[in-house]
Structure formats: structure tokens, C-alpha cells
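Residue numbers (our numbering), protein chains in the order written: chain A, 1 to 246; chain B, 247 to 505; chain C, 506 to 764; chain D, 765 to 1121; chain E, 1122 to 1351.
Take the hints with a grain of salt, since some may be wrong.
To give an idea of the chain C side of the interface with chain B (calculated C-beta under 8 Å), a few residues [stated by the list, open to error]:
#, residue
1, Arg523
2, Asp525
3, Gln526
4, Asp534
5, Leu535
6, Gly550
7, Gln592
8, Ala637
9, His639
10, Ser645
11, Met648
12, Gly672
13, Ala673
14, Glu676
15, His702
16, Asp712
Derived, one-sided and incomplete: chain A residues facing chain E with beta-carbon distance under 10 Å [unchecked claim]:
#, residue
17, Leu35
18, Leu38
19, Leu42
20, Phe125
21, Trp153
22, Arg174
23, Val215
24, Ala230
Take a look, some chain E residues computed to stay more than 12 Å from chain D by CB distance [as the list claims (entries may be wrong)]:
#, residue
25, Val1150
26, Gly1259
27, Tyr1316
28, Ala1336
29, Thr1345
Derived by calculation from the structure, the hints in this document are not laboratory data.
From a predicted model like this one, the values you see are computed outputs, not experimental measurements.
A virtual CB, placed ideally from N, CA and C, is assigned to each residue, including glycine.
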Amino acid sequence: MRVLPRADDAAMPHVWDVVRRFGEPELTGGDPIALVVLRSCLFTLRSVAVGFGVGAAVGLVLAVAMQRFRVVERGLLPYVILSQTVPLIALAPAIAGWGGKLSLGSYPWQPWMSVATIAAYLAFFPVAVGMLRGLQSPPKVAEELMHSYAAGWWHTLLKLRLPASTPYLFPALRLAGAAAVVGAVVGEISTGTRGGIGRLVIEYSREATADPAKVYTAMVGAALLGLFVAALVGAAEFALNRRRAT
Amino acid sequence: MTAAVELTGVGKVFNPGRPDQVAALTGVDLTVESGQFVSLIGPSGCGKSTLLRLVADLVPPTGGTVTVAGKPARKARLDQEYGIAFQQAGLFDWRTVQRNVELPLELRGASRTERRERAREMLDLVGLGDFAKHYPPQLSGGMQQRVAIARALAVHPPLLLMDEPFGALDEMTRERLQDELLRICARTGTSTIFVTHSIPEAVYLSDRVVVMSPRPGRITDVIEIDLGERTEATRQSAGFFAGITKVRRALRAPSEVPA
Amino acid sequence: MTAAVELTGVGKVFNPGRPDQVAALTGVDLTVESGQFVSLIGPSGCGKSTLLRLVADLVPPTGGTVTVAGKPARKARLDQEYGIAFQQAGLFDWRTVQRNVELPLELRGASRTERRERAREMLDLVGLGDFAKHYPPQLSGGMQQRVAIARALAVHPPLLLMDEPFGALDEMTRERLQDELLRICARTGTSTIFVTHSIPEAVYLSDRVVVMSPRPGRITDVIEIDLGERTEATRQSAGFFAGITKVRRALRAPSEVPA
Amino acid sequence: GTADEPETPSGGSGGTTAVKLQLQWFVQAQFAGYIAAVDKGFYREQGLDVQILEGGVDIVPQTVLAQGQADFAVAWVPKALASREQGAGITEIAQVFQRSGTYQVSFADSGIKAPADLKGKKVGNWGFGNEFELFAAMTKAGLDPGKDVTLVQQQFDMQALLRRDIDAAQAMSYNEYAQLLEAKNPKTGALYQPSDFTVLNWNDVGTAMLQDAVWANSEKLGDAAFQDTAVKFLTGSLKGWAYCRDNAQECRDLVVKRGSKLGASHQLWQMNEVNKLVWPSPNGVGMLDEAEWRKTVDLALTTKNQDGQTVITKQPEDTAYTNEYVQKALDALKGAGVDVNGTSFQPTTVELKEGGA
Amino acid sequence: MVVKAGRVAPFILPAPSVIWEQFWLSREVIWKTGLASGANALVGLVAGAVLGILAAMAASRFRFFGEASIPVAAALNALPIIALAPILNNMFDSTSSIPRRVVVAIVVFFPVFVNTLRGLRQVDPTHRELMDSYAAGGWTFTRLVRLPGALPFVFTGLRQASSLAVIAAVVAEYFGGLQDGLGSRITSAASNTAYPRAWAFVVGACVLGLVFYAAALGLEWLATPWRRSG
Ligand SMILES: Nc1ncnc2c1ncn2[C@@H]1O[C@H](COP(=O)(O)OP(=O)(O)OP(=O)(O)O)[C@@H](O)[C@H]1O
Ligand SMILES: Nc1ncnc2c1ncn2[C@@H]1O[C@H](COP(=O)(O)OP(=O)(O)OP(=O)(O)O)[C@@H](O)[C@H]1O
Ligand SMILES: Cc1ncc(C[n+]2csc(CCO)c2C)c(N)n1
Ligand SMILES: [Mg+2]
Ligand SMILES: [Mg+2]
């Protein structure tokens, strides 16, 4: 059995080949791959952004609900976990199917929204779990103090739990960002939405037999997209810490 | 007039039925009249903090009833009938000193300017006016404790619960704050339960000193103090020393029948 | 014989060049002879903890030199020339009380049985033999502090640094531990720097009481105490009261020229 | 243009009916007939405005169709029969491919010359319900697919076979097989040759099943207006297929223009191979041969997969397919002088370039 | 109920009773394939978690490594597993389980790494000073203070990772390789519109995910006794 990775040209094209491939047209006479990949990434970014935003918001609300009601935590947490174990293939048709029947006001449902939904579906989870931990993190004295002020749940949340949970928020958001990228890519693949980097990965991977470097260009694109999102989250964290450190 | 605090047959067992079960308090009866200053004194681990927490409705008693301002403890807490300072300062690291003191005012919906003024006033009172913009981790232990005191006093509550608030302070600061505390309580008619390890402090401050003994925690003596108005001279007065001696004796040889 | 601790022209500025810059200490000269017991006393925020931290090489001085057991502070720390108890207990929540006390022994490679014995002995000394198997969050504030004291004493270090270790203790426990501490120091020839806010405590324990004043923190007086061997009677002796008065006076009216 | 958007603005031209067609896979010459019908205006002639929906990994055309998200779908017969049995209300209205295009390919030196030789080998297949012809062949040769071979799911490329991770790989004559021939043989430095491989062709083995067919939503078919649309749709589609038979190069260009990522020479090969599957069509293109249907149904009823399941468990109702609409479409096409049999169709020889460029 | 009344065709979201029926019919296959997927998830989880913890320790030890590692880890995590699976299938023997396990390990690595690092860096200043006073640095400090203090964080990461591991193991099956796991059965059932059967296997995957999550919780309970009381 093979334990060490192969390193032949087909399995691991030379970095140089991949870089060179970026500069060449994807098909004879077409745009250079770099441009195609960039365009696809931008397309996917929209699904990622919407999915990330919606997912983070949903995760936050769930975390707050679980923190608030022990019963909800007991009752909900298993479902939150469960939700993540449902393979996307079982969901993609349902999401695409439901979506097709919806419209946002007069704005009809677009295929990329199904993709964003899948991205949100993966993104909410780390936020829910991480923020639950964060919201539960304040020391007992602090909780008792707020209790002694008869501070209701809302005020305790606002003045104590949320500020105390910022150290947990950003790792969670980073995971959510990555999850949103994965979700968007998977979503594009499974729902057959064209135009994004996920679709490109699968399209190029069909050509890996004879042109192995090509599929790597799409994968590098996907990775760069992930990095870009991670960098955005990192920048937000940096900005916030900066403001608080003064 | 209703008593500020009334405990009847109160008991507290931690972790009941587990190997690390601890009977922290048993059969505690205690009344604090309105405007009275009562100190709790007793060896470490005898249940003073627990008693305070019961009054504050932060832990539920396993037996007996706790009444605060004529209401059940829970209702009193919800009505914000008391202010509390814990043994640990319990400051919020992400708020400046000033904003830590403002917190309870914020929760009572005080206006911004009012909050700011009151916080400054309290910080000046505890001698930390210069540190308003610092964050808690930049303060010395005693300074943190003083911020916590300022925070408890800021709202002028009808009942003050204080757990060794001056424990980390030097004698001068301590004596100054004792006088300030008495002044504030007298002026506003505040009732106070005050946990301390210092016998002179208990005697100087209190109308009554409650002496406790451990395992299980219970009240062994209640010593009435009557020193009249506290002045410069009080700390040198015979009555003061007599009080100290009484309390010391009660601590050394707990009477078998609780008072 | 080399001095246990020697500070020459030591200064410490926190956050230099920033708006929250604090000059915590300036021009501190202090020598602690081997076997000597020296107390630091002074108002809150005057730099006592900082001074202790400098000796322990936990913060670097911004000026001057710190020598411990004839070596630079850093080398002394690496050689584990001292044991320390902080103002905050600083127990490890994930270790039982017993294993918290065992920690420094573990780090010195003591055998399991030795560790266990020594820890039990120390816990009995501070009156917590029954709580060996509990976790720190289950203890009262004073109990936690006593565990920290047991931990500092467990290794019998040549130099003991203690930051208000008895602050959260009741008078009886406190007096008992004071006597135990003196006994241990005498028996093992330990040198001690002891931070406290209690003037009687400082006088009772010390060969010299170092009085400090704040902003910037500096030494304003060093008061020699000679009470001979401490006995039951010492706390009532005239010499004791005289010492107290001297220290109190030094605290109230800091002499302009540092001693 | 992209497949997601209608080529012509719908509604504006008045009297056009909007129709959605769900493909079962990416845009490629496999679907050239429909693409040509859109691009050459054959649908518009019929008053239809057809939007082509591309497939995806997890998109099951029958499901999309049954949910009412598309009006027509291209799907393989056995998979569609399985979906029908599970409650998808769909009806076959045209059988475009007359033959199966699935091969099982192995290296010539591996000695796999018949299905029985697969015993003990690592046998690649695509899963996704595309594997029953292979299972039928193995069963016919006396092998138990669950025990006698190691089943391996293939990726979208053929690398597993080329590096001999697996001994035999599933390949469509028009796609993956070409990819093999577009790859460089490291030993010779030239492209692989057909002689390097042996091919098991299910049409020869006798376990072929019907593949690309046009399916319609059964419920909608109950509506007379939609029946009319179905006829028009088939008329346009079949005209497209006839066009691509005669204009393979141009159809290839249309496919490439539509954004297929596979290269031009590859698409030409595919066009040519697909034409072989469609033409000649003795009964007329799109006409379902009853005997072939029965063969497919029998195999679907009896072939067991590795878990012992068959594709379907009971005979499909007679309503599962109908030649009614295709007959009308053929009549219309014949009336317009279109050759719907392609008796004289001659495949060309396409030269593959490295990477299908 | 909802499913029966809803507007989604029943063959997509079948009624629970129908799923249960299929679950029962397919129980042996579900068990067999569940074991295969479970083994992949477990091996990957353990490997990824160990690597994540080790890397976090290194990152908290060496400042430079710490600064550099986070973007690298984020990059690794940003690689969609979907893109990864085919590459790994090419790099390793696609007929072995190794590529899938590597996929799981990579997916697991990030949450464990990020959370552990956060935990390792969050040290009570008093504890730091105490250990300094014991002249205990480096590995001793890590072992006695950082690691136990970080344990609750490690477990936050492990909790997230546990169910991720199962998803990754199942999803990795879509991209080829041995047809011995739950994923291959889900895809093949779904592509035949056999949704009750597909969902029966999905339920199998969910149960597997819950088992993993519960195992992580149980481990946490065992490993952090001091958090149980009080
Ligand atoms: N980490 C720090 N950052 C900034 N300032 C600090 C820091 N630590 C201490 N200080 C400042 O140094 C001064 C002396 O602090 P230190 O803790 O030594 O006082 P102390 O004498 O121990 O007081 P206490 O009796 O209240 O414990 C204070 O003004 C404090 O604000
Ligand atoms: N959360 C808890 N769980 C278990 N036991 C507890 C808990 N809190 C307090 N105890 C126990 O209750 C007893 C009383 O504790 P309490 O904190 O009231 O003592 P105290 O009188 O305030 O002591 P100190 O003067 O040292 O602060 C102690 O034995 C302690 O171990
Ligand atoms: C994931 C996935 N793999 C294979 C097929 C089957 N398939 C349908 S058409 C065609 C030929 C073009 O390559 C193939 C292989 C599928 N539907 N989904
Ligand atoms: Mg207490
Ligand atoms: Mg201090």
C-alpha cells in the first residue's frame, strides 16, 4: 500500500508548470487561465459573502439562544451537530428545489442564492459552537455581579457575555469564512451552477488525464479565494484589537 | 418599619450527596435593622461569603428563608435593593476603570453625563481619579479592589453587601475609606452587611458584630457595639478597645449556645 | 557572607513613553542580609508588588541592579533561589489542592512519596488537610490563599518572597501562620521579603520594616525592630507597641530624605 | 453565452413558449443536438424559447424534472426507471441514443479480454447509478460484483487507469476513452494508441442498456397544450440532431462557444462518436425500439449491485414511455424533407490532439 | 408531519416512517459502510488533531513560527476539500483509504489548531509569573500550564472537528476511491431518486457524526474534572 505521496508529473505537476499554465489560454484562442480563474473567483465571492454573513448571523443567534436556555442547548445542540453531518448531496437537490419555488419579493431566486444557502449552512456551525463557548466564558464573579444588578438577560449579554466572547469570535469567524468558501465551492459543484471557481475545478478536473496542471490552476484559485476571505476576517480582527488597545 | 435583612433558620449545603459535600452554613438566624451596620467576622471558610451570597440571592439556601427589605431575596435582587462588592474585584478587563464604575449606573439607565460625574466622584473618593482611563490589569491589587468599591457605592443602594472590601488596602487608605463609608451610610440611611477579618475594623464600623465559627458555619455570638458618633478620638477610646476585646474573646472561645 | 538580596539605584517605569506611563519605583536601595526578615509596607499602589517582582526577576528594572544570593536576579531565578506567594492565589484550577502544593516539588524532581508527604505536611500546617482532594474553585478566598502559602513554603527555599499572603485571613489563623512562618524561617535560616498592609504584622515578623511612599514609589524609612525571640508575650510587649508607633508615624509623615 | 440564461429574451417576441431542458451533465457534444436547435433557431421555428440547464454532480435530471423545475430532461433509461419507481412522475418521449456508449477499458497487457477476466481485479466505475451495465456483464459472466472484484469509484479523469491504480475503467466512447487517447504515453513519448487498450463494449457483450433519452413531466403531459409543446420540442431537437449529423464541425463549434471547457478536437471526436450512437436510426431518430426497451427493463429487474439491490423491483407501467409525440415530430420533419434515418451516415475519423486542444 | 404536508415532493424529503423502513431494511449495509467511513473519520481525526495540537504548541513556543503559521494554516483550511480530494487521490493510491484519511486530517487540523493556539496563548499572568519564579520554561511550562489551561479550548476545537471529520470522510467518497463507505451509497441512491434509501444512509452518517461528537464530549468530561463541580 502506498503511504508516501507520489511525485510524478501527473500527480504533482511542477509549480512552474502550474504557473505557466496560468498565462496560457484555457482553450485555443480563449482567455488566459489567470483571467478565467479570477473571474470565477469573483463570481463565487458573492455567494461566499452572502453565505458567510447569513451563516454568521444565524450562528450567533443560535449560540445566544443556546446560552440563554439550557433546554435549548440540550435540545438544539444535537441538531446543530446533526445538521453538519447531513451530506450535501442529500441537501443540494432540496435546496435547489425549494429555492426554485421562492422569490425575494419581485426578485426571482437565482442559482447563486442556492449556492449561498449551502455556504451559509456550513458557515453557521463554527460560529454557533464557538460563540456558545465564548458566551459561557465569563468568570463566576462577573456573572454574579450582573446578577446582583438584576441585569436582565439582554443586558448581561450586551455588557458581559458579548465583550467577553470576542476572543472566541474571531477563531469562529475564521472557520466560518473557510466553511463558507468550501460551501460555495461544493454548492456550485453539486447544484451545477456555472460561473464560479467550484464549477471550474470540476470542469478542469475532467481534463486532468492529459493536462494535469490545468486543474491545479483552478484549485490554486479556490485556495486564494479562501485566503482572501481569511485575510478579510484577519483584518477585521486586527482593526478591532487596534481600537480596543488604545 | 421592616428589617433590611432577615434570615430565619437558613442553611446551605454545597454538592449535597457527593463525596465533596460541604455544609457551609446551618441554622442561621439574623436580623439587620434598617440603617444598621452589621459586620460578619470569623475564621476563613466559616461561610461569611456564602451568607452574603444568600442575602444577595446569588446562591439559593438549602433551608430556611431569606427576606430582604421585607421581600423574598429574589424579588429584592430584581428590585436592585442592594449593591455588592466581592472578595475578588471582578472587574471587566475590556472596560476602563471609569467605565467599570459606570456599569451599574448604565444598567439603571442613568444619563451619560450623570454616569460620568458619579463615576468620577466615586473614583476620587477611593483615590483613583488619575487612573480613570486605565484598564484593570494595569492596576495594583489594592487599586483594583478600590475600583470595585467605587462601583458598589456608585448607585447609592439601600443595602450594601461588602465582602472584605478593604482587605488589600493599607492602613491609611483603609481608615480613610472606613470613615467615608460610614459617612455615606449615615447620610443615605444605608444598611450594610460587611465581611471582614479585622477586629478593629469590625468594631469601628458596626452597630453589631456577628461572630461565626466553621464546620458547619454558624453564628456563635452577636456583639452590640455602641460607640456613638465616630470621631478622630474613637479609635483611641476605651469603648473601642473594650469592643475589640469582646470580639476577640468571642472568636477565641466560641460560646456553645449561639446568641 | 553575601547579602540575600541587594538592590542599588533600582527604578521601574511602566509603559515608558506612552500616555499611561507610570513611574512605579525610583532610586530604590535595599539590602536584605542572609536570614533577615524584611517587611515592605506602604500605601496601595506605592510599588511593593513591583519591588518584589523585580527581586524575583519577573519584570526587568528600567534602571539599577538587582542582586540575589550574590548573583544577578536572572541567574538566581534560574537557580530557584527563592519561593514566592503572590497577592492573587494563582492556583491551577485543573489540579487538586494537594497537587497544587506538589507542583514546585515536582519541578525540582522530588520523588512521589516525598512530594505527597511534604504537601500533606504543608496543608496540615495551613489547616487544609481535609481539602487535599478538592479543586480550587470549591474553596473560599482565604482557603485559596492558604494553599498558595503552603505551595510557597513546600520547597524550603533560601529566600521567601511573599505578597500580602495573610491579607485574606482571619486574625487567629493569621497569628498562627505568622508564628509558623517565623519558626520555619528561623529553623531553615530563610531570608524573607514580606509585603503587608498590617503594621502589627510587619512589626511582629520583621527584623526591619521598610516604609514606602507612592508616586513615584520610593523607600522613605527603614525601621529596625529588635524584639528578640517572639513568644506569647511579644504581642503585648512595650517594644512591640513602640515599633508599631514608629512605623505608623513613618507612614503618616514620610521623612523627606529616604533612609 | 452561458447556459443559465436564455439565448433570446423570452416573452418579448410574442407567442413563444418558454421551455426548460435539464441536461444530465456539463455542456458537451453529447448534447449537441439540443444546443444546435437553440443556436440555429430550430426551436424558435416551433415557437419555443428553450433554456438549457446544465447538469452538476448532485443534479439528478429526473428529480429536477419531477419537481417541475424543468419541462424536459435528458436521462439514461435505467436511472430514470429507478426514479419513476420511487415516485418521480416522468415519461420517456424520445429515445435519442440507439446504442450504449459505455466501455470498460483496460490496458491491453492486463489480459482482460472478457467480463470474466475481471475476477479479482480492481474495477473502476462511476457510481451515480451508471454502473449497472458493468454489473450485468459481470453477473452474466458468473461474477458477484460484491465479492469477486474490488469496486473503485473513478474520478472525473482517467488517471487511476493510466497509473494502474485500477485494472479496468469505465469510459464513455465519446469522452473518457478519447481522453485516454489524448494522453501521452511516457514510454513512447507519443499519444496512447487504441492498440494499447482492450475495450469491453456492452453492445457486443449483450448487456447494453438504453442511454440518453428525452423525458417529460408526466403531470404536465396530461395537458393538451403541453403535449403540443412536447411535439414541437422534439421536432426542434431531432432537427438539431440531424443537423449535427451533417454538420459535425459546426456543431462542435457551437458546443465550444457555449463554454464547454473540453477542447475543440475532443469535442469533434465526441460529436463523431455521439453521431455513431444516434445514427443510423432505422425507425427514425428518437423512436424507441420496443425490444431494446424490454432488454433494458429485464436487465434493470435482474441485475444486482454489490448490496444485492436491483435497479427496479417491478415491471414499469406501460405509461413509462410513449412514441406518440416522437412520431408526430418525425412526421413533421419528414414533411419538411429532413432525413430522420441517416441510413447513409458515415462516421469520419477524428484525429485527437494532446489534451484534446 | 411537516414533510407529509409540505410542498416538496415526497421523494426528495421522504416521511420519517419511510426512511426508518429503509433504514431497517438496509441496516446491515449501513453498519458495514458506516464502519468503513467511521474508520476513515477516526484515523483522520486522530491524526489531524495530534498534528493540530503539536503545531499549535510549536506556534505558541516560537514567535516567528506562530506569526507565520496562522496564514499557512488558514490557507490549508481554505483549500476546499472538494478540490483536495482529487489531488490526494492522484498523489496516493486512489484504491486505498489513505487519500480520504488525509482529507479528514486536513479538515480536522484547522479547528483544532486555531482553538488550541488560542488556549495556549491565554495564560493567567499570575501563572506565568509563578512558573517563571520556578524557572520552569519551555516544555515544562507548556506541559504544566499551557496545555491544561488550553484543554477546554482544545476540546472546543475537537467538538467542531469531530462532526467535521465525519462529513469530510463521507464527502471525500464522492471523488472516487473504494466504494465501501456511506458516501458511495448515498450518491448512488440519490442518483436513482431512491431518496428514502439515500436518507436512510444519511441517517447513518448523522448517527456516526453524533457518536463522534458524543465521544469528544465524553473525552472532555473525563479530561477536565475540575470543570465538573462548583
Ligand atoms: N503591568 C502594569 N502596567 C502598567 N502599570 C502597572 C503595571 N503593574 C503595576 N503598575 C503600576 O505600578 C504602580 C505600583 O503597582 P504595585 O502593584 O507595585 O503596587 P502595590 O504597592 O503592590 O499596591 P497594592 O498594595 O495595592 O498591591 C501602580 O501605580 C500601578 O498602576
Ligand atoms: N461553589 C462551592 N462549591 C463547594 N463548596 C463551596 C463552594 N463555595 C464555598 N464552598 C465551601 O463553603 C465553605 C464556606 O465558604 P465561604 O466562601 O463562605 O467561606 P468564607 O467564610 O467566606 O471564607 P474566607 O474568609 O476564606 O473568604 C468552605 O468550606 C468552602 O469550601
Ligand atoms: C459524478 C458523475 N459521474 C458520472 C456521471 C455519468 N455521466 C453522465 S453523462 C456522462 C458522459 C460524459 O462524461 C457520464 C460519465 C454523472 N452523471 N455524474
Ligand atoms: Mg469569603
Ligand atoms: Mg500589590
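Hint check results:
1. With 8 Å as the threshold, the beta carbon of Arg523(C) stays out of range of chain B, its nearest partner Cβ sitting at about 11 Å, so the hint is violated.
2. Given the 8 Å rule on beta carbons, the hint for Asp525(C) holds: about 6 Å separates it from the nearest Cβ of chain B.
3. The beta carbon of Gln526(C) comes no nearer than 11 Å to any beta carbon in chain B, farther than 8 Å, and the hint placing it at the interface is violated.
4. Taken as an interface hint, Asp534(C) does not check out: its beta carbon lies about 22 Å from the nearest beta carbon of chain B, beyond 8 Å.
5. At about 19 Å, the closest approach between the beta carbon of Leu535(C) and any beta carbon in chain B exceeds 8 Å, and the interface hint on this residue is violated.
6. Restraint check, Gly550(C) versus chain B: the minimum CB separation of about 5 Å is within 8 Å; hint holds.
7. For Gln592(C), the interface hint holds, the least distance from its beta-carbon to any beta-carbon of chain B being 4 Å, beneath 8 Å.
8. Annotation: Ala637(C) was flagged as interfacial toward chain B, and the flag is violated, the nearest CB pair being 11 Å apart, outside 8 Å.
9. Interface hint status for His639(C): upheld, as the beta-carbon distance to the closest one in chain B is roughly 6 Å, under 8 Å.
10. A cut of 8 Å between beta carbons decides the hint on Ser645(C): the least distance to chain B is about 5 Å, and the hint holds.
11. The criterion of a C-beta within 8 Å of any C-beta in chain B is met by Met648(C), whose closest approach is roughly 5 Å, and the hint holds.
12. With a cut of 8 Å, the hint placing Gly672(C) at the interface with chain B holds, because the nearest CB-to-CB distance is about 5 Å.
13. A least Cβ separation of about 6 Å between Ala673(C) and chain B falls short of the 8 Å threshold, and the interface hint therefore holds.
14. Hint status for Glu676(C) relative to chain B: holds, with the closest Cβ pair at about 6 Å, below 8 Å.
15. At its closest, the beta carbon of His702(C) sits 4 Å from a beta carbon of chain B; the interface hint therefore holds under the 8 Å criterion.
16. With a least beta-carbon distance of about 21 Å to chain B, the hint placing Asp712(C) at the interface is violated under the 8 Å criterion.
17. Violation of the interface hint for Leu35(A) is found here, the shortest Cβ-Cβ separation to chain E being roughly 20 Å, above the 10 Å cut-off.
18. Residue-level restraint check for Leu38(A) is violated (minimum Cβ-Cβ distance to chain E is 16 Å; threshold 10 Å).
19. Residue-level restraint check for Leu42(A) is violated (minimum Cβ-Cβ distance to chain E is 16 Å; threshold 10 Å).
20. Hint status for Phe125(A): holds, given a least beta-carbon distance of 7 Å to chain E, under 10 Å.
21. Evaluation of the Trp153(A) hint against chain E yields a violated restraint, the C-beta minimum of about 22 Å exceeding 10 Å.
22. About 6 Å separates the beta-carbon of Arg174(A) from the nearest beta-carbon of chain E, less than 10 Å, and the hint is met.
23. At its closest, the beta carbon of Val215(A) sits 7 Å from a beta carbon of chain E; the interface hint therefore holds under the 10 Å criterion.
24. For Ala230(A), the shortest C-beta to C-beta distance to chain E is roughly 4 Å, which falls under 10 Å, so the interface hint holds.
25. Its closest Cβ contact with chain D, about 5 Å, brings Val1150(E) to no more than 12 Å, contrary to its assignment away from the interface.
26. Every Cβ of chain D is farther than 12 Å from the Cβ of Gly1259(E); the closest lies at roughly 45 Å, confirming the non-interface assignment.
27. For Tyr1316(E), the non-interface assignment is contradicted: its Cβ lies about 7 Å from the closest Cβ of chain D, within the 12 Å cut-off.
28. Consistency note on Ala1336(E): stated as away from chain D, and its beta-carbon is indeed over 12 Å from all of that chain's, at 28 Å minimum.
29. Taking the minimum C-beta to C-beta distance to chain D, about 40 Å, the non-interface status of Thr1345(E) holds against the 12 Å cut.
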